[in-house]
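The lines below spell out each chain.
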Amino acid sequence: MKKRIAILTSNHLEPSGIRQVYGGAERYGVELTRLLLEMDYDVEWWQVGDNWRKEIIPGVPIRGVPETDTPYQTMPHLNQVFFEQAVDADGAIYFVMYLAYPTVFPKSLSVSHGIYWDHPGIDKFLPGDSERQEWLRRLHLAIGGVKTVVSVDTATINWVRATWPILAQKFQYLPNFVDMDLFGTRQRQEPSPHPRIRIVFPRRATTVRGVNEAGKAALWLTDTQPDAEVHFVGRAHDDAMERILTAWASSHDRIFYYWLPPHLMAELYQSTDIVWIPTKSSEGTSLSCLEAMASGCAVITTWVGGLSDLIQDGYSGLLIEPTAQALLEATVRLIQDPMLRRRLGRHAQEVAETFSLDRWRTRWSQVITDTF
Amino acid sequence: MARVVAMLPVRNEADRWLKSVLEQLSQIADAIVVYDDASDDGTSDLCRQYPKVHSYRGDVPWFGQNESELRRHLWDLAVLHEPEWLLALDADELLEDGAVLALPWLIDQSDYDAVAFRIFDFWNSAEHVRIDGAWNPWNRFSALLSRYDSTLDPAWLAQPIHCGRFPVSYHDRVTFYSPWRVRHYGWARAEDHLKKYLFYRERDMGLYGRVLEHTDSVIASTVTLEPWIELPIPSWLRTKERI
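Protein chains in written order, with the working numbering: chain A, 68 to 439; chain B, 4 to 246.
Just so you know, these hints were derived from the structure itself, not from any lab. Fair warning: there could be bad hints in the mix.
[Claimed, not checked] Residues of chain A clear of chain B, computed beta-carbon distances all greater than 10 Å:
{"hint": "1", "residue": "Pro82"}
{"hint": "2", "residue": "Arg86"}
{"hint": "3", "residue": "Glu111"}
{"hint": "4", "residue": "Asp155"}
{"hint": "5", "residue": "Asp157"}
{"hint": "6", "residue": "Trp184"}
{"hint": "7", "residue": "Gly188"}
{"hint": "8", "residue": "Trp231"}
{"hint": "9", "residue": "Pro242"}
{"hint": "10", "residue": "Thr274"}
{"hint": "11", "residue": "Pro293"}
{"hint": "12", "residue": "Phe323"}
{"hint": "13", "residue": "His330"}
{"hint": "14", "residue": "Arg410"}
{"hint": "15", "residue": "Thr429"}
{"hint": "16", "residue": "Asp437"}
[Stated by the list, open to error] The calculated label-pair distances, taken between Cβ atoms and stated as ranges, are:
{"hint": "17", "chain 1": "A", "residue 1": "Gln433", "chain 2": "B", "residue 2": "Glu130", "range": "54 to 62 Å"}
{"hint": "18", "chain 1": "B", "residue 1": "Pro230", "chain 2": "A", "residue 2": "His261", "range": "26 to 34 Å"}
{"hint": "19", "chain 1": "A", "residue 1": "His261", "chain 2": "B", "residue 2": "Ala158", "range": "44 to 52 Å"}
{"hint": "20", "chain 1": "A", "residue 1": "Ile311", "chain 2": "B", "residue 2": "His196", "range": "26 to 34 Å"}
{"hint": "21", "chain 1": "A", "residue 1": "Pro133", "chain 2": "B", "residue 2": "Glu72", "range": "48 to 56 Å"}
{"hint": "22", "chain 1": "A", "residue 1": "Glu201", "chain 2": "B", "residue 2": "His196", "range": "17 to 25 Å"}
{"hint": "23", "chain 1": "A", "residue 1": "Gln152", "chain 2": "B", "residue 2": "Ala158", "range": "23 to 31 Å"}
{"hint": "24", "chain 1": "A", "residue 1": "Trp370", "chain 2": "B", "residue 2": "Glu216", "range": "51 to 59 Å"}
{"hint": "25", "chain 1": "B", "residue 1": "Phe202", "chain 2": "A", "residue 2": "Asp136", "range": "42 to 50 Å"}
{"hint": "26", "chain 1": "B", "residue 1": "Asp152", "chain 2": "A", "residue 2": "Pro133", "range": "29 to 37 Å"}
{"hint": "27", "chain 1": "A", "residue 1": "Thr390", "chain 2": "B", "residue 2": "Leu155", "range": "47 to 55 Å"}
[As the list claims (entries may be wrong)] Residues of chain A placed beyond 10 Å of chain B at every Cβ, according to the derived structure:
{"hint": "28", "residue": "Asp107"}
{"hint": "29", "residue": "Arg130"}
{"hint": "30", "residue": "Pro143"}
{"hint": "31", "residue": "Lys191"}
{"hint": "32", "residue": "Gln236"}
{"hint": "33", "residue": "Phe238"}
{"hint": "34", "residue": "Thr289"}
{"hint": "35", "residue": "Arg310"}
{"hint": "36", "residue": "Ser317"}
{"hint": "37", "residue": "Pro329"}
{"hint": "38", "residue": "Leu335"}
{"hint": "39", "residue": "Gly381"}
{"hint": "40", "residue": "Ala391"}
For each residue, glycine too, the CB sits at the ideal point set by N, CA and C.
Please construct the entire structure, taking both the sequences and the accompanying hints into account.
Here it is in C-alpha cells:
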C-alpha cells in the first residue's frame, strides 16, 4: 500500500481558493509534489481556505481549512485541524517552518524558505519584548519538534546557530533549484538580435521584492536611456494593484506589465539582458534569480536573505543595497559595459548548474527516504 | 487531432461582431464549431465564408429557454474534432491582441489544464468599460480555455441561463490566470440594454423568483466607466510560430 504524505502550507492558493500566485514557494511546492508522486507516495495538501477542495496539480488534492488566526506569527489552530484531520497520513511536511507548532506528526519535516522576520513590518505583529519572546518560544518548539528542517539558504541556518546552537543540527542546507533543461540549454544570441536593452523584474509586484524601488528606477532609466525597456513580470498581491500597475505601465513608453506561467519565463529570458532582483526582505534563494542566472542574464540583486548564496559580487552578478539609486547605477553600469554584462551572464550560467533541479531532486529524495 | 477547437453559440449575429470574432478565431483555432441557434438573419451565410467553421443549425431557438442543452449540444459537436484544447467564446467576445499572440505559448505545457481571462464589458461604446459593482472586470476571471479530457463527466449545470461555458467537471481545474483580457461587446450598444434587461429579468423571475441585483444594475441611472487601457505587446511575444 502506498504511503501518504500530508503537506501543510499557509497559502498556496489565496484563501478564497480562486487566486493562484506564482511565487517561488508555490513552484517549489509543485516540484516537491511531483517528486513525491514519482517516489510512489500519495500526496495531499492542506492550507487556509473556506472548506473548499481543489487540486494543486492535476490529480493532487488541496483542501482549505477555515482557520486564519496568526497569533505570534504562528498558526496553531490550522496546525491542530491538520493534525486531527490528516490523521491517515503516514508523515507530514510543514511547508512553512512555523506551521509545525504546537503539534507535529511523529514522522515529519519542515521547510524554511528563508528569513521572513527581517520584514520591517514585523514590529507591528510583535510590538514588544514579551510578544517577541513568545514568538521565539513557539519557533523554537516548531524547529525542535520535527525530525529535519530543510533550509533553502544558509542565512536561516546561521541565524538559528547564533540563537539556539543545538537546533542548528536539525537543519539541512538544500538550496533552491533551477530546471537547466528548461532554462540553461539554449544558446543566447550574441550580440543580442533586438535593438533595445531589455530589463526584467521577474518577481511578484510586492514591496518586499522591491517593486517600488524598481518602479522608480524604471522611470529614471527609460527617461535617460533611450534604448532601455523594463518589463515587470509578476502578479501583484491583489486585483486593485494589478489594475494600478497595468495603467501605470501603459502610460509610460517602454515599460510593460504582465505575468507569465513559469515555462514561458525561459522564453522571455532568452531575449533579456539584465534581470532585477531588488529584494528588501523575506528572501531565500530566489528561483527567479536562479532562472535568470541559468539563462545567462546579468543579474542585479541585493545582499538580503539567501541571495548572496547565489551571487558572488562582480563575478556572477552584482550585489547592491536595495535602493532605487543603487539599482539605477548598477543598471547604467551594465548598459554601458556590454562586456561586463556578458561576462556576468556566462559565469552566472556556470554557477547555476550547481543548483540544478536534478541535484535538488536527488538530495530531496534522500531527505524523504530518511524521514518517512 | 486538433490543437485548439473553438466553440461558438450564435443567434442572429450577422450585423453585430460575428465577422470580427470569426476572423480572430480563424487565426488561433484549428476548427471553429458553431451552433446556430435558429438564426433568421444572415448568420449562416457569414459562417460559410470561413473555411474553418463547422456550423450546425438548430430549428428551434434554445437560448434563454434551455442554455445548458444548447451548450451541451455544442460541446458534443466540438469534441468530435478530437480537440487538445477547447476555447469557449461568445459571438460578441474578442481576445485582445496580446492574448492572440500568447495563446500558442500558453497551451504548450503540462502544468495547468485551463486558462482564465478577465472579461471587460464595453458599455455604450467601444472605448469605455463598466467597472462598478459586479461589473468590475479586475476582480473576476473566467476560464475560457480548457484542456479536453475524455474521461471527465460531460454533464452540464442544468439551468436555463448562466450554466457556464464548460461541463461542471471542468469548473475547478488547475488554472493559469492570464494577464490578457477579453473584450466583450455585448453591452457596447446602448439601444440593446432595455431589451437585454427585460430578457434577463424574465429569466431571473423564472429561475430565482426575483430579479437579481446585477440584472437591475443594467438600467441603473449611474454607472462607473473607465477607458479601456491599450497595452503595448512585448515584441518577444511575436516570435512564436502561429498554430
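Hint check:
no.	hint	verdict
1	Pro82	holds (15 Å)
2	Arg86	violated (7 Å)
3	Glu111	holds (15 Å)
4	Asp155	holds (23 Å)
5	Asp157	holds (25 Å)
6	Trp184	holds (30 Å)
7	Gly188	holds (25 Å)
8	Trp231	holds (39 Å)
9	Pro242	holds (22 Å)
10	Thr274	holds (20 Å)
11	Pro293	holds (16 Å)
12	Phe323	violated (5 Å)
13	His330	violated (5 Å)
14	Arg410	holds (24 Å)
15	Thr429	holds (22 Å)
16	Asp437	holds (29 Å)
17	A:Gln433 with B:Glu130: 54 to 62 Å	holds (60 Å)
18	B:Pro230 with A:His261: 26 to 34 Å	holds (30 Å)
19	A:His261 with B:Ala158: 44 to 52 Å	holds (49 Å)
20	A:Ile311 with B:His196: 26 to 34 Å	holds (30 Å)
21	A:Pro133 with B:Glu72: 48 to 56 Å	violated (37 Å)
22	A:Glu201 with B:His196: 17 to 25 Å	violated (59 Å)
23	A:Gln152 with B:Ala158: 23 to 31 Å	holds (30 Å)
24	A:Trp370 with B:Glu216: 51 to 59 Å	holds (53 Å)
25	B:Phe202 with A:Asp136: 42 to 50 Å	holds (47 Å)
26	B:Asp152 with A:Pro133: 29 to 37 Å	holds (30 Å)
27	A:Thr390 with B:Leu155: 47 to 55 Å	holds (51 Å)
28	Asp107	holds (20 Å)
29	Arg130	holds (13 Å)
30	Pro143	holds (29 Å)
31	Lys191	holds (26 Å)
32	Gln236	holds (37 Å)
33	Phe238	holds (30 Å)
34	Thr289	holds (13 Å)
35	Arg310	violated (5 Å)
36	Ser317	violated (5 Å)
37	Pro329	violated (7 Å)
38	Leu335	violated (6 Å)
39	Gly381	holds (29 Å)
40	Ala391	holds (23 Å)
Checked against the numbered hints given earlier, the structure breaks hints 2, 12, 13, 21, 22, 35, 36, 37 and 38 and satisfies all the rest.
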